[in-house]
Amino acid sequence: MTLNHHKAGQLLSAYLDGELAAAETAAVQDHLMDCAACREAYEDLRVTKAALGQLPPAEPPAEFWAVVREPAWRERAAAPARWRWRLPVLVRRPAWAIAAVLAVLALAAVPMIKGTVDRLHATEIGVDLYVREHAFEMSTEPLTDRAYLGLVAGDADLVLVGEPPRAEGRR
Amino acid sequence: MGRPAAVVSMVRSDATQAASYTPEELARYEAIVQRYARHVYNVAYRMTGNEADARDLSQEAFLRVYRALRRVERDAPLESWLYRIVSNLYIDLLRKRPRQRVESLDAPLETARGELTRELPDVTANPEAIFERNQFDSTIQRALGLLSEELRMVVVLSDVEGFSYEEIAAMLRVPLGTVKSRLHRARQMLQQRLRPYLEARRRGWEE
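Residue numbers (my numbering), protein chains in the order written: chain A, 116 to 286; chain B, 9 to 215.
It is worth saying that the hints were derived from the structure and are not from the lab. Where hints are given, some of them may not hold.
[Stated by the list, open to error] Distance windows between CB atoms, simulated:
| hint | chain 1 | residue 1 | chain 2 | residue 2 | range |
| --- | --- | --- | --- | --- | --- |
| 1 | A | G133 | B | R43 | 22 to 28 Å |
| 2 | B | R78 | A | A138 | 26 to 32 Å |
| 3 | B | L154 | A | T117 | 33 to 39 Å |
| 4 | A | A165 | B | R46 | 17 to 23 Å |
| 5 | B | L34 | A | I228 | 23 to 29 Å |
[Said to hold, decoys possible] Covered, in the sense of this in silico footprint (three residues per stretch, anywhere, with C-beta under 8 Å from a C-beta of chain B), are these stretches of chain A:
| hint | stretch |
| --- | --- |
| 6 | 118-129 |
| 7 | 154-168 |
| 8 | 174-182 |
Ideal Cβ placement from N, Cα and C applies to all residues, glycine included.
Make the full structure from the sequences, and use the hints.
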């Protein structure tokens with residue numbers, strides 16, 4: 116196998132790297148014996164390759180190691196919603212927990228206290244009078260059925276004056 | 009040279025199932041970091057030429073490894089996949105920054121007082137500097153930066169990291185002949201730019 120000058124020149128890098136087949140390697144060697152220009156080109160390539168090989172490895176900065184060793188924190192930063200909800204909300208926010216408990220207590224306490232006050236009031240003035248008063252009070256509220264309240268108040272009036280309520284009388 | 013299909017398929021990793029890794033899996037990740045982190049960072053640094061981009065790029069590469077950890081076959085050769093990620097990330101980086109201009113060192117520099125010719129550091133005038141590691145490093149790094157990214161990637165993988173043509177072809181998914189011709193062109197261009205510097209350096213050693 117013989118090579119022309121141009122072809123041999125193209126193969127010099129691969130020859131330098133030992134990446135040529137045996138026949139090509141021998142042919143390049145033959146050409147190098149005869150051709151001073153290719154010998155010089157070969158030497159230049161060799162020096163260039165050697166220089167690149169002598170480059171000191173770039174030293175990664177400390178932050179690089181911190182991130183690469185613990186990429187989990189980046190996952191978290193990338194998807195905050197996913198990991199946050201794994202902790203119960205009441206553990207993360209004790210103030211919210213206290214507020215929620217107070218709200219529940221208040222909601223339960225208000226009707227309880229109001230109910231007790233009403234019952235005391237009813238015993239004091241008599242059930243029928245209480246029903247009558249209460250029906251009148253309620254009639255000022257916008258969404259109540261006033262006709263029905265009128266009936267209730269009327270029945271209470273009848274009882275108060277000693278008559279049986281109409282509803283029972285009709286049945 | 010065939011790569012296991014499982015390794016190739018990992019590229020399409022998007023799942024983030026990281027939270028539930030077992031201690032063994034985390035140990036495996038740590039082993040991958042131990043083995044490849046410096047090399048990946050070094051390739052990224054030689055490609056980008058600056059610390060900030062090299063750090064971002066190699067961190068991103070390892071984040072992908074971390075996410076795809078379950079799909080990484082035990083003892084599978086990771087190099088091919090890992091360096092392909094680095095190469096792709098670098099191309100993405102270039103796409104995101106089209107405004108960044110590559111300046112040729114041969115082009116004259118326009119100034120108010122007229123054109124100035126840029127020169128690589130004239131080490132013959134300052135023999136001490138020949139031995140300075142930083143000078144050597146930055147001169148070669150600058151010459152690397154003037155290559156197209158295709159040529160640079162091949163020459164970095166071959167001459168800086170020492171991979172074979174076959175390995176590089178698998179990493180970059182290009183034919184063997186392409187690796188061969190790119191490498192040759194890259195070395196020729198580097199040699200032209202670096203010749204004065206390298207000759208002066210050699211003379212400095214001989215003195």
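Now for the hints, and whether the structure bears them out:
Distance hint check for G133/A and R43/B: the Cβ-Cβ separation is about 25 Å, which falls inside the suggested range of 22 to 28 Å. One distance hint, 26 to 32 Å for the beta-carbon pair R78/B and A138/A, is violated here, with the actual separation near 47 Å. Hint check: L154/B to T117/A, Cβ distance near 36 Å, so the stated range 33 to 39 Å holds. Against the hinted window of 17 to 23 Å, the Cβ-Cβ separation of A165/A and R46/B comes to about 21 Å, which satisfies the hint.
The hinted window of 23 to 29 Å between L34/B and I228/A is violated, with their beta carbons roughly 58 Å apart. Residues of the stretch 118-129 of chain A lying with their CB closer than 8 Å to a CB of chain B number 4, which satisfies the three-residue condition for coverage. A count of 8 residues in the stretch 154-168 of chain A with a Cβ less than 8 Å from any Cβ of chain B is obtained; the coverage claim is therefore met, three being the minimum. Residues of the stretch 174-182 of chain A lying with their CB closer than 8 Å to a CB of chain B number 6, which satisfies the three-residue condition for coverage.
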